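*Asks:* In order, the protein sequences belong to chains A and B. For the first sequence, the residue numbers in this note's numbering are -3 to 247. For the second sequence, the residue numbers in this note's numbering are 871 to 1130.
Because the hints were derived from the structure by calculation, they are not lab data. Quantities reported herein were computed from a predicted structural model and do not represent experimental measurements. Just to be clear, a hint being listed does not mean it is correct.
In silico contact screen, one side only, chain A against chain B (beta carbon under 8 angstroms); selected entries [as the list claims (entries may be wrong)]:
no., residue
1, F54
2, P72
3, P74
4, R76
5, M78
6, E82
7, Q85
8, L87
9, P88
10, L102
11, G104
12, F130
13, P131
14, H132
Here are the in silico distance ranges between beta carbons for each label pair [stated by the list, open to error]:
no., chain 1, residue 1, chain 2, residue 2, range
15, B, T1012, A, D128, 28 to 36 angstroms
16, B, S909, A, T133, 47 to 55 angstroms
17, A, D128, B, Y967, 45 to 53 angstroms
18, A, G125, B, P880, 36 to 44 angstroms
19, B, L1108, A, D65, 49 to 57 angstroms
Heads up, the beta-carbon is just placed ideally off N, CA and C, and yes, glycines get one too.
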Amino acid sequence: MSTPVLELRDVSLGYRTATGWLTACEGISFSLAEGERLMLVGASGCGKSTLLGAVAGFHAPHAGQLLLDGRPVTQPGPDRMMVFQEFEQLLPWKSVADNIAYPRRLAGTPRAEGRREAETLIAQVGLTGFADAFPHTLSGGMKMRVAIARALAARPRVLLMDEPFAALDALTRRRMQDELLRLWRDFGFTLLFVTHAIEEAVALGSRILVLSPHPGRVQAVLDVPDTLEERAALEARIHRLLLPEEVALHA
Amino acid sequence: MKRALALLPPLLTLALILGIWAAFTGPTGLPSYLLPSPSLVGAALWSGLVTEGTDWPHLAFTLTATLVGYVIGSIGAVLVGALVAESRLFERFVYPYIIAIQAMPKVALAPLILVWFGFGLASKVVLVALICFFPLLVNTITGIRGADREMIEMARSFSRSGWFVFVHVKLPAAAPAIMAGLQIGIVLALIGAVVGEFVSSDRGVGYVIGSATVNMNVAVMFAGVLELAAAGMAGSTLVRWLHRRIVFWEGRPSHPSAES
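Work out the full structure: start from the sequences and follow the hints.
*Replies:* Spelled out as structure tokens, the structure:
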């Protein structure tokens, strides 16, 4: 394994609430190699989204180290692009092409070049013909494609995804999962993906990190095997690892 | 054709109201110093706007006060609103007083404003600006504060400058709320101008209505009210049109069949 793109050493995160200090997760260590697809799985409240936010630089860990290419993360940056679950993460006053070109335009790319890059990305996420459409005219799945294209346009070191497909209907979710894998084969990005759906983690990940609930601790780090039988076994194993209620919910 | 048909029901209502009004007034009905017949009001409007044209300078005065005050009050409200929403310090020092003044009926200040700013246009402009300032201020603050957390974080990933995030994300995100505040403001602005003219003025539609009261010339009062109603409707239609043009993305559902 080469030098990790992302490395977390004993990271603990928490936030102040009305009733006092709340630890979201503690003692989290893992590293992410170039081109890897690491899934963070856990029940709601295990701090997985908080952890992703810390990697993005939105909040600082109160203990431990968070390194991107060996340098500590201190603030947000275009080298870590986040795709959220919400459909309303696009700028509604900009067209699809302008939304996608936005990070590049801010980085100083000329308008024509930004537009050309956006057109290419629009084709790659399957939205040909929608370059000049505005977000409010698109469906949830299409908005998600635009958000992914915009994140890829910034050419991030790590693509961060926070339950991006959770609000989509089952059919669209499956299609988006396939598309994400196809995009990964095209671009070879490094992916850190948060989900509470075990089957999604097994379908998309090359490695899965299982977090225990309240506060989140690393419960297991599992490689995703190739064959379908082995994957089914892995799914069952993660089900057993997580809460019994969680197992009942998925049964 | 469809639009013309849509106009038919409200026109029928109008015809009915005018009919009942005419039935209760005229030579056999209520005396015209209590309720003039529709034809008398029509005649007052006709002479004021067409044959004599005496209403136009008053209308111009009222509309000037309304528009100038509205523009000043609205710009001020967005600026102060942005400051309150973005600066904790400013909020702590100023916001409690803004809330207090907002709860106070500004119309009560009209006599004081007339004393300070004279009986001409200036006092009306100040009253109008003050009256449409507060609803827009509150809307601007809620709009900026309500900007989507995800969008702000996304913009922070692109650029760390607070100014950038404000101009590129928070302000456009607040645009629907600001436009809604502008829509409330335009109606209030006209009220402010008329109240100012009621209290003391030698010009304006409010002044015309006021002096007609002294002469018990109810038909002229009605004509003035109708002129103000038309001005108010024109103003709010214009702002609503601007609203739809500027905040074009608001309130329209996603295309349900767009996913292919």
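*Asks:* If a hint holds in the structure, say so; if it does not, say that too.
*Replies:* Going through the hints against the structure:
1. F54: This interface hint holds because 5 angstroms falls under the 8 angstroms limit.
2. P72: holds, 4 angstroms
3. P74: holds, 6 angstroms
4. R76: holds, 7 angstroms
5. M78: holds, 7 angstroms
6. E82: Hint on A/E82: holds, closest Cβ of chain B at ~5 angstroms, below 8 angstroms.
7. Q85: Since the shortest Cβ distance to chain B is 5 angstroms, the answer is holds.
8. L87: holds, 7 angstroms
9. P88: With a closest approach of 4 angstroms, the A/P88 hint holds.
10. L102: With a minimum Cβ separation of about 5 angstroms from chain B (threshold 8 angstroms), the hint on A/L102 holds.
11. G104: With Cβ-Cβ at 12 angstroms, over 8 angstroms, it is violated.
12. F130: The hint holds - A/F130 has a Cβ within 8 angstroms of chain B, the shortest such distance being about 6 angstroms.
13. P131: It holds, given that the least Cβ distance between A/P131 and chain B is near 7 angstroms, below 8 angstroms.
14. H132: Holds - the Cβ of A/H132 comes within 8 angstroms of chain B, reaching about 4 angstroms at its closest.
15. B/T1012 to A/D128: 28 to 36 angstroms: Given a distance of about 32 angstroms, which is inside 28 to 36 angstroms, the answer is holds.
16. B/S909 to A/T133: 47 to 55 angstroms: holds, 51 angstroms
17. A/D128 to B/Y967: 45 to 53 angstroms: Roughly 47 angstroms apart at Cβ, these two residues keep to the hinted range, so it holds.
18. A/G125 to B/P880: 36 to 44 angstroms: holds, 42 angstroms
19. B/L1108 to A/D65: 49 to 57 angstroms: Check passed, 55 angstroms falls within 49 to 57 angstroms.
Taken one by one, the earlier hints fail for this structure only at number 11.
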